[in-house]
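Undergrad: Could you build the full structure based on these sequences and the hints that come with them?
Note that the protein sequences, when read in sequence, are chains A and B.
Each residue of the first sequence is one higher than the one before, starting from 1 at the first, in the working numbering.
Each residue of the second sequence is one higher than the one before, starting from 1001 at the first, in the working numbering.
Keep in mind that the hints were calculated from the coordinates and are not lab data.
Among these hints, one or two may not hold up.
Claimed, not checked - Here are the computed lysine-lysine pairs in the DSS-like style, where the Cα-Cα straight-line distance is at most 27 Å:
{"#": "1", "chain 1": "B", "residue 1": "Lys1166", "chain 2": "A", "residue 2": "Lys19"}
{"#": "2", "chain 1": "B", "residue 1": "Lys1082", "chain 2": "B", "residue 2": "Lys1115"}
{"#": "3", "chain 1": "A", "residue 1": "Lys78", "chain 2": "A", "residue 2": "Lys95"}
{"#": "4", "chain 1": "B", "residue 1": "Lys1103", "chain 2": "B", "residue 2": "Lys1115"}
{"#": "5", "chain 1": "B", "residue 1": "Lys1082", "chain 2": "A", "residue 2": "Lys19"}
{"#": "6", "chain 1": "B", "residue 1": "Lys1037", "chain 2": "B", "residue 2": "Lys1082"}
All values reported here derive from a predicted model rather than from experimental measurement.
If you want the building blocks of each chain, they are given just below.
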Amino acid sequence: MSTLASDSPVETEHSFQLKGSLFTLSVLQLNHANLSLLREELGEKVRLAPKFFQYAPIVLDLGALTHYEDLNFEAIRKTLTEFQLVPVGIRGGNKKLHHLAQEAGFAVMLDPAPGHIRTSVKKDDLKQDIQTSTQKPELREASLEVGSRLITSPIRSGQQVYAQGGDLIIAASVSPGAELLADGNIHVYGTLRGRALAGINGNEKARIFCYELEAELVSIAGQYKVFEEHSHALPPGPKQLFLRDGQLIISPL
Amino acid sequence: MENSKTKIVVITSGKGGVGKTTTSAAFGTGLALKGYKTVIIDFDVGLRNLDLIMGCERRVVYDVINVIHGEATLTQALIKDKRVENLYILPASQTRDKDALSKEGVEKILNELSKDFDFIVCDSPAGIERGALLAMYFADEAIVVTNPEVSSVRDSDRILGVLASKSQRAEQGREPIKEHLLLTRYSPERVERGDMLSVQDVQEILSIPLLGVIPESKAVLKASNSGQPVSLDAESDAGQAYLDAVARFLGENREHRFLSPEKRGFFSKLFGRK
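TA: Pasting the structure below:
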């Protein structure tokens, strides 16, 4: 699990602070809306392993129910809660189901896959409601899509950038103390200092590319390497990092 | 700020003790010497130093907090420099602390000052908390004071990140604050020996345009102890370097001096001049 936290705001006299965070959640895909059958099967699972669910937060995937116009979300919630599942939101389905789900207190989770149409909160709405919050885009970016991100200014110490659902491309250098995160690959057309974590959701095929490698820490799908001294042993020049048989390989480009 | 003519320049660094107040005093004085009506504001509430460096500590009646709280007008708080025409100082409070500053209060003061002044120089305190954030919030340009030393460079880098994201310009999506690097306490001899980071080393990490290099100089201590901005000591290397930096800031093309170790002749070695 990784968390992405933004900087704290200037004013400290408010009763709450809004921050961005990242959590990995399990998804329960509903294949039909027959609640009694669902209850039976969930009961079976719990009988075999009583502590299986343990109040796990889950997202309901309604991908198989897109032709449904109506679902009793209250009843679904009651059923799930019976078996110690904590439904926090839904994804997939259609607009009508989303509306019903929201009325029943479910959040509609934004699907990070690129190209997916956002059916709920748009970025402008967020801007309006949360004027002084920390969810404002911190860096000047060339594009604001969810998916791959391209940034052309240097990433400064203390800054953290996350490319959710895509690659992260930095056409500048990355300072020590900065942190780059991506579900996909990370490309740094400059010197990579600081930390770079690619494939953070488990994508073992993710790679890290850079013009110069002077990083403090690199990681691909959780396999990480800390560079205790300056990489004197490595010759200068462009490098790529990838996983081979679970090992983190550094190879000149 | 409303008035596009007035420029608000913040002198910041992140790291403490690198020369922000020395620079604010020297830079502000340099601008005034060039004929621009300039005010230097001390944002270091509770630990004020600007008045000492400018030699007007005995003339402080009201300060910036008094003005924000409506206890005094700007005219009452502003101190006119006795040596240089066009130069004014707005001191910080020594008895209150940083919580007395507010964004609205600062905005009000800057708006009023913009009516009369060409340049508003904001002397930021160290750190990235309230005082520093408010000093930079309304800035149009920033001079990032850095010592050629790793922790100063790291802190300056951090401050650059904050400048790019926490200023009014950033929040309103306007042209970003123009950043300038001012390297202070530079010793070419130590750089040559490999004991100190070079200009290139620092620029490689910070990647912002170099405004000037101020050499390590005894003149700075002398100046602050006598309450005189070092740029008034036109004979000293530091003084000249600051005046060069001001000229560059105003658009002049001046070569960087004091970058190579001094070739000391026989006589200067004999008499030990600096």
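Undergrad: Checking each numbered hint in turn, tell me which of them this model violates, lowest number first.
TA: Hint 5 contradicted; others consistent.
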